[in-house]
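Number of protein chains: 2
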Amino acid sequence: MKTITLSHGSGGKLMHDLIKDLFLKNLGNPFLNKMGDAALIKSWAKKTAYTTDSFVVKPLFFPGGDIGKLSVCGTVNDLAVSGAMPKYLSCGMIVEDGFSYSDLEKITISIRDACKFAGVSIVAGDFKVVEKKAVDGIFINTSGIGEAFEDSFIDIARIRPGDKIIISGTIGDHAASILLAREDLKFKTKIKSDCSSLNKFVSSIICEDIKFMRDPTRGGLATTLNEISLASGYDISIEETGVPIKKSVRALCEILGFDPLYMANEGKLMAIVSPGSAEKILLKMKRHASGKDARIIGEVKKEKDKKVYLKTQSGGLRILDMITGEQLPRIC
Amino acid sequence: MKTITLSHGSGGKLMHDLIKDLFLKNLGNPFLNKMGDAALIKSWAKKTAYTTDSFVVKPLFFPGGDIGKLSVCGTVNDLAVSGAMPKYLSCGMIVEDGFSYSDLEKITISIRDACKFAGVSIVAGDFKVVEKKAVDGIFINTSGIGEAFEDSFIDIARIRPGDKIIISGTIGDHAASILLAREDLKFKTKIKSDCSSLNKFVSSIICEDIKFMRDPTRGGLATTLNEISLASGYDISIEETGVPIKKSVRALCEILGFDPLYMANEGKLMAIVSPGSAEKILLKMKRHASGKDARIIGEVKKEKDKKVYLKTQSGGLRILDMITGEQLPRIC
Chain A
8 MKTITLSHGS GGKLMHDLIK DLFLKNLGNP FLNKMGDAAL IKSWAKKTAY
58 TTDSFVVKPL FFPGGDIGKL SVCGTVNDLA VSGAMPKYLS CGMIVEDGFS
108 YSDLEKITIS IRDACKFAGV SIVAGDFKVV EKKAVDGIFI NTSGIGEAFE
158 DSFIDIARIR PGDKIIISGT IGDHAASILL AREDLKFKTK IKSDCSSLNK
208 FVSSIICEDI KFMRDPTRGG LATTLNEISL ASGYDISIEE TGVPIKKSVR
258 ALCEILGFDP LYMANEGKLM AIVSPGSAEK ILLKMKRHAS GKDARIIGEV
308 KKEKDKKVYL KTQSGGLRIL DMITGEQLPR IC
Chain B
8 MKTITLSHGS GGKLMHDLIK DLFLKNLGNP FLNKMGDAAL IKSWAKKTAY
58 TTDSFVVKPL FFPGGDIGKL SVCGTVNDLA VSGAMPKYLS CGMIVEDGFS
108 YSDLEKITIS IRDACKFAGV SIVAGDFKVV EKKAVDGIFI NTSGIGEAFE
158 DSFIDIARIR PGDKIIISGT IGDHAASILL AREDLKFKTK IKSDCSSLNK
208 FVSSIICEDI KFMRDPTRGG LATTLNEISL ASGYDISIEE TGVPIKKSVR
258 ALCEILGFDP LYMANEGKLM AIVSPGSAEK ILLKMKRHAS GKDARIIGEV
308 KKEKDKKVYL KTQSGGLRIL DMITGEQLPR IC
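Just so you know, the protein sequences line up as chains A and B, in that order. The first sequence lines up with residues 8 to 339 when you count with this note's numbering. The second sequence lines up with residues 8 to 339 when you count with this note's numbering.
Bound-form chain A, shown alone (with noise of 0.2 Å):
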């Protein structure tokens, strides 16, 4: 088998080809190509979104994507949500001494894939090879810039009660094919990760009447929610019976122990509307391949105690906390 080895990350004869006979050939454009030390490119006049994120994941293919799909949906969503467009993405990657070639490849397609998709380019790099066991198999960084929309529709400081709490899609699938995937489980129902880029959807249903959005990956549509009640000050109500969960994800879930408000999403997005556009914009969503299930599930409350409440299917009203322990460590 042919492996990537330590002599692949000294910066010498092997890497060069390495870089050209796979990175180039898959990720190459004008900037990348110069192969220099920083990429030079055209400043806009919009304000510049700018992010970062490490994958870890395990394992790193999966129904639905694998680590390079992931680590490009993952930036770009974070750019998108925060009101902009993707541009350029940056890629570190470290990868253990002895990592099947093949696998590499593979993944870089996916990375290829995914950029063309989001119609984003990879503009600098950095490949690390580090000795047997200092990695588990391979950990990519991207990190990500884009132009703004407009310079001040996405903004917390904006949220106010009565405000309406739309999820874009089904929850927890992302978690639930991690989860079927590595514990080898024989489950009749497939389930794919939602893993997906979420740009052209928002650019699809932008407007002012949005007033944040974000993408509930690690912690869950739950932890996200909390995170916005904190930063806002106003508590937030949610219905369980409007949040969308597939029929499968719901029955692992019931199986494992698992609670499906906890699970990480990679393709989905919580936006928080004003009221009198709430209908609107979910059917503007609806319109989009990545909206067709977006429901209203709750509102930004008047109380200021940076509080969630969950109003259960049997009527109660329970608390949903964020996140204490860990659920499901190297979900993304």
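Bear in mind the hints are in silico, worked out from the structure with no lab data behind them. Honestly, I wouldn't trust all of these hints.
Only pairs whose alpha carbons sit at most 20 Å apart, straight line, appear in this in silico SDA-like list of lysine to any residue [what the hints assert, rightly or not]: (1) B:Lys207 to B:Phe124; (2) A:Lys318 to A:Arg257; (3) A:Lys140 to B:Phe106; (4) B:Lys140 to A:Gly105; (5) B:Lys218 to A:Gly105; (6) A:Lys197 to A:Phe265; (7) B:Lys123 to B:Pro37; (8) A:Lys140 to B:Gly283; (9) A:Lys139 to B:Glu138; (10) A:Lys53 to B:Lys218; (11) A:Lys139 to B:Lys65; (12) B:Lys308 to B:Asp328; (13) A:Lys313 to A:Asp242.
Just so it is clear, the structure is predicted and the values come from calculations on it, not from any experiment.
For chain A, the structure is supplied; the task is to place chain B on it using the hints.
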């Protein structure tokens, strides 16, 4: 001992506390404090330089620096040698379950001090914890963006035969310090890494007569020269006696059989300059602490075999190849 646990990477309460108590406390600024999915920064008029680097150095702490300082300086320097003033950095940490809290704090404080020295801010961050043995301690990725000084100063295409090659100081210091720290060798002379940010040095010398710059990190001066020869097409000739090397570094290399020309530097600049201005630029360099040992070490030849030649001390001529194996893994 207080340690980092998997729960610190869950996206939940423990992670939020860690972010507040450690990262925002030390690295906080109006962008980072917002804890958004992306920082929204004001764009600028000139071109944007964009780079990334992952740091896997072993040991984490070494004479002259640590992985925190290194991860700021490395990215700052990539921007600086590309002819840009570094402005904003992102920082992604991947930490092993059980990692010492106080070591993480030391590293964070080093990042803070290095940012302050270079005049940059970390505006986007990510923190992941993986299980024991999935990563060796801590790996850090930084990316960075900066504003270009002028749009077309630094361009490998401007290199012409006769251009002079200047190195800003002694070579091999960083790799030698890592080597000593790693092997725990009893060596009388202290060797400190040259790890430092070069952006202020670069702004003090930048002018149109500097055609190209690079910081000779992994693979050392010899590899950097080969990259330039390959990309520009021209041969390069270097005088062995001209290359500044500390006595202690030379002695260590002789004992261990390393070639200082291939050893990594983390605070050195190599510039290719117009022949008529070489002495003037050299003098400007020498006025700055980062350039006090600067020397003209060679020139660009008119031959186009893409080869780098070393005129040896004894008067011979030998080809200086690109590194082929791995001299010293995890040097940065």
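Pairwise hint evaluation, Pro37 of chain B against Lys123 of chain B, where the allowed Cα distance is 20 Å at most: holds, 15 Å
Holds or violated: Lys318 of chain A to Arg257 of chain A, with C-alpha atoms at most 20 Å apart: holds, 18 Å
Given pair status - Gly105 of chain A, Lys140 of chain B, alpha carbons within 20 Å: Holds: Lys140 of chain B and Gly105 of chain A sit about 16 Å apart, inside 20 Å.
Agreement of Lys197 of chain A and Phe265 of chain A with the hint, judged by alpha carbon distance not exceeding 20 Å: holds, 18 Å
Holds or violated: Lys53 of chain A to Lys218 of chain B, with C-alpha atoms at most 20 Å apart: violated, 31 Å
Lys140 of chain A paired with Phe106 of chain B [C-alpha distance capped at 20 Å]: holds, 16 Å
20 Å Cα cutoff - pair Lys218 of chain B, Gly105 of chain A: violated, 40 Å
Given pair status - Gly283 of chain B, Lys140 of chain A, alpha carbons within 20 Å: violated, 52 Å
Satisfaction of hint between Phe124 of chain B and Lys207 of chain B, Cα-Cα up to 20 Å: Judged against 20 Å, a Cα distance of about 9 Å means the pair holds.
Pairwise hint evaluation, Asp242 of chain A against Lys313 of chain A, where the allowed Cα distance is 20 Å at most: holds, 5 Å
Pair hint outcome, Lys308 of chain B versus Asp328 of chain B [Cα-Cα no greater than 20 Å]: holds, 16 Å
20 Å Cα cutoff - pair Lys139 of chain A, Glu138 of chain B: holds, 16 Å
In this structure, the earlier hints numbered 5, 8 and 10 are contradicted, and the remaining ones agree with it.
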